[in-house]
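Asks: This is what each chain is made of:
2 protein chains.
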Amino acid sequence: MLYYAEPVSKLIEELSKLPGVGPKTAQRLAFFLLRQSRSDAVALARAIVDAHDKTKYCSSCMNLTERDPCRFCCDEQRDQSLICVVEDPRDVVAIEKTRDYHGLYHVLHGSLSPMEGIGPEQLKIKELMSRLSSPHLREVIVASNPTVEGEATAAYLARLIKPMGLKVTRIAHGLPVGGDLEYADQVTLLRALEGRREL
Amino acid sequence: MLYYAEPVSKLIEELSKLPGVGPKTAQRLAFFLLRQSRSDAVALARAIVDAHDKTKYCSSCMNLTERDPCRFCCDEQRDQSLICVVEDPRDVVAIEKTRDYHGLYHVLHGSLSPMEGIGPEQLKIKELMSRLSSPHLREVIVASNPTVEGEATAAYLARLIKPMGLKVTRIAHGLPVGGDLEYADQVTLLRALEGRREL
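If you're matching them up, the sequences are chains E and Z in order. Okay, so the first sequence: first residue is 1 according to UniProt numbering, each after it adds one. Okay, so the second sequence: first residue is 1 according to UniProt numbering, each after it adds one.
Rather than coming from a laboratory, the hints here were simulated on the basis of the structure. The beta-carbon is built from N, C-alpha and C at its ideal position, and this holds for glycine as well. Any given hint could turn out to be false.
[Unchecked claim] In silico EDC-like links for lysine to aspartate or glutamate, alpha-carbon gap of 16 angstroms or less: (1) Lys56/Z - Asp68/Z; (2) Lys24/E - Asp91/Z; (3) Lys54/Z - Asp40/Z; (4) Lys24/Z - Glu127/E; (5) Lys124/Z - Glu87/Z; (6) Lys24/E - Glu13/E; (7) Lys162/Z - Glu139/Z; (8) Lys56/Z - Asp40/Z; (9) Lys24/E - Asp88/Z; (10) Lys54/Z - Glu66/E; (11) Lys124/E - Glu87/E; (12) Lys24/Z - Asp88/E; (13) Lys126/Z - Asp79/Z; (14) Lys162/E - Glu182/E; (15) Lys56/E - Glu6/Z; (16) Lys54/E - Glu116/Z; (17) Lys124/E - Glu182/E; (18) Lys17/Z - Asp40/E; (19) Lys54/E - Glu66/E; (20) Lys56/Z - Glu6/E; (21) Lys54/Z - Asp68/Z; (22) Lys17/E - Glu139/Z; (23) Lys124/Z - Asp79/Z; (24) Lys56/E - Asp40/E; (25) Lys56/E - Glu13/E.
[What the hints assert, rightly or not] Cβ pair distances, simulated, as ranges: (26) Ser59/Z - Gln122/E: 50 to 56 angstroms; (27) Gly195/Z - Gly110/E: 54 to 60 angstroms; (28) Asp100/E - Pro23/Z: 17 to 23 angstroms; (29) Glu66/Z - His102/E: 53 to 59 angstroms; (30) Pro19/Z - Ile171/E: 58 to 64 angstroms; (31) Pro23/Z - Val42/E: 21 to 27 angstroms; (32) His102/E - Met115/Z: 32 to 38 angstroms; (33) Pro114/Z - Gln186/E: 55 to 61 angstroms.
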């Protein structure tokens, strides 16, 4: 680092902090940015700051949004009887891409992980609970990840919500479409068998 | 992209322009940056703009520098009789890391590539030629990359500089240290044989 001009070293250092970016990649990115026009570099810099300054959490569903409430919560065409609970704003996008879910969302911003000190207080669970009194609501779909933490979160939410007389469902586990039985892990296969449906 | 808040989409779009960053990586980076504190995000944004605004080419060696002339060109301890010609500012750093070269540098900012429309005018060759009249100079070491373009550049420079009575040398080709003869390509092996030295 010593060998580069100070602003270049600084840029390499900052880029190295990005996930999956080692020193070599950081150098490559830094010199790419230096070769770009100043306006292109400024566009990236501005986008980084704007993403921070111009987005906030929707006060209802906790998704990242420009305006509060977000367009999902505003949209009266969406099915108000369903809330799909996800860990991350990216999961909302993944589900939207199926084009088959038209209910509401709730973003937890993580999953229960005692190992990392993430308890219910660190997640947007309080905010979820406050939405459950809506008279339209009938079902909460828990779409946390199929990981240990995601399952723990799902179990925790089910225990919390079921006593309120709401239906709580979990997205199905099974073989990914296009997958190969032979290469599926045992747990997935077990879940696929358990979740079998009549044809 | 449609599904994210506009500033987030914009950030993902800008990050996607970086080399080796596909849409998935861009999303991952964007959400990483959103999870960072605002001041961390601003630090990266500032580093990007500063690298543009606070560095320029050294008027002598064309390396990226904060002040002109750069610290290599300023340093009277360095051997004024040697100029090592490289393609890229990163190559200067690579050579500095050997801690065994104490001459001057010249950065071409590329290599001759007729396919990409890069001729001698697009490189800092004119600037190199103007340095060759220095009374101290005895040898020009051409350390362009061992690629077709790098070799063409080396040959071009040799033809240009030799008539001026200066020694022009090319860095050696051969097996990388720690490499394996069995896995070396034929051309490298051929060059290693040609360049053999008495023990």
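Asks: Next pair to validate is Lys126/Z with Asp79/Z; report whether the Cα-Cα distance is within 16 angstroms.
Replies: 22 angstroms, violated
Asks: Could one say that the CB atoms of Gly195/Z and Gly110/E fall in the range 54 to 60 angstroms?
Replies: 58 angstroms, holds
Asks: Would the pair Lys17/Z and Asp40/E pass a check requiring their Cα atoms to be no farther apart than 16 angstroms?
Replies: 10 angstroms, holds
Asks: Check the hint pairing Lys56/E with Glu13/E against an upper bound of 16 angstroms on the C-alpha distance.
Replies: 28 angstroms, violated
Asks: Lys54/E and Glu116/Z: Cα distance at most 16 angstroms?
Replies: 41 angstroms, violated
Asks: Falls inside 50 to 56 angstroms, the C-beta gap from Ser59/Z to Gln122/E?
Replies: 55 angstroms, holds
Asks: Taking 16 angstroms as the top limit, are the C-alpha atoms of Lys56/Z and Asp40/Z close enough?
Replies: With a Cα-Cα distance of about 26 angstroms, the restraint between Lys56/Z and Asp40/Z is violated, given a limit of 16 angstroms.
Asks: Within a Cα-Cα threshold of 16 angstroms, do Lys124/E and Glu182/E meet the stated pairing?
Replies: With a Cα-Cα distance of about 39 angstroms, the restraint between Lys124/E and Glu182/E is violated, given a limit of 16 angstroms.
Asks: Measure nothing beyond the straight line between the CA atoms of Lys54/E and Glu66/E; if it is 16 angstroms or shorter, mark the hint as holding.
Replies: Measuring from Cα to Cα gives roughly 6 angstroms; hence the hint holds.
Asks: For the pair Pro114/Z and Gln186/E, does the Cβ-Cβ distance stay inside 55 to 61 angstroms?
Replies: Holds: the Cβ-Cβ distance is about 58 angstroms, inside 55 to 61 angstroms.
Asks: I want to verify a distance hint. Is the separation of the beta carbons of Pro19/Z and Ile171/E within 58 to 64 angstroms?
Replies: 36 angstroms, violated
Asks: Run the distance test for Lys17/E versus Glu139/Z: straight-line Cα separation, threshold 16 angstroms.
Replies: Since the Cα atoms of Lys17/E and Glu139/Z sit roughly 41 angstroms apart, the hinted pair is violated (cutoff 16 angstroms).
This entry does not satisfy hints 3, 4, 8, 10, 13, 14, 16, 17, 22, 23, 24, 25, 30 and 32, going by the numbered hints stated previously.
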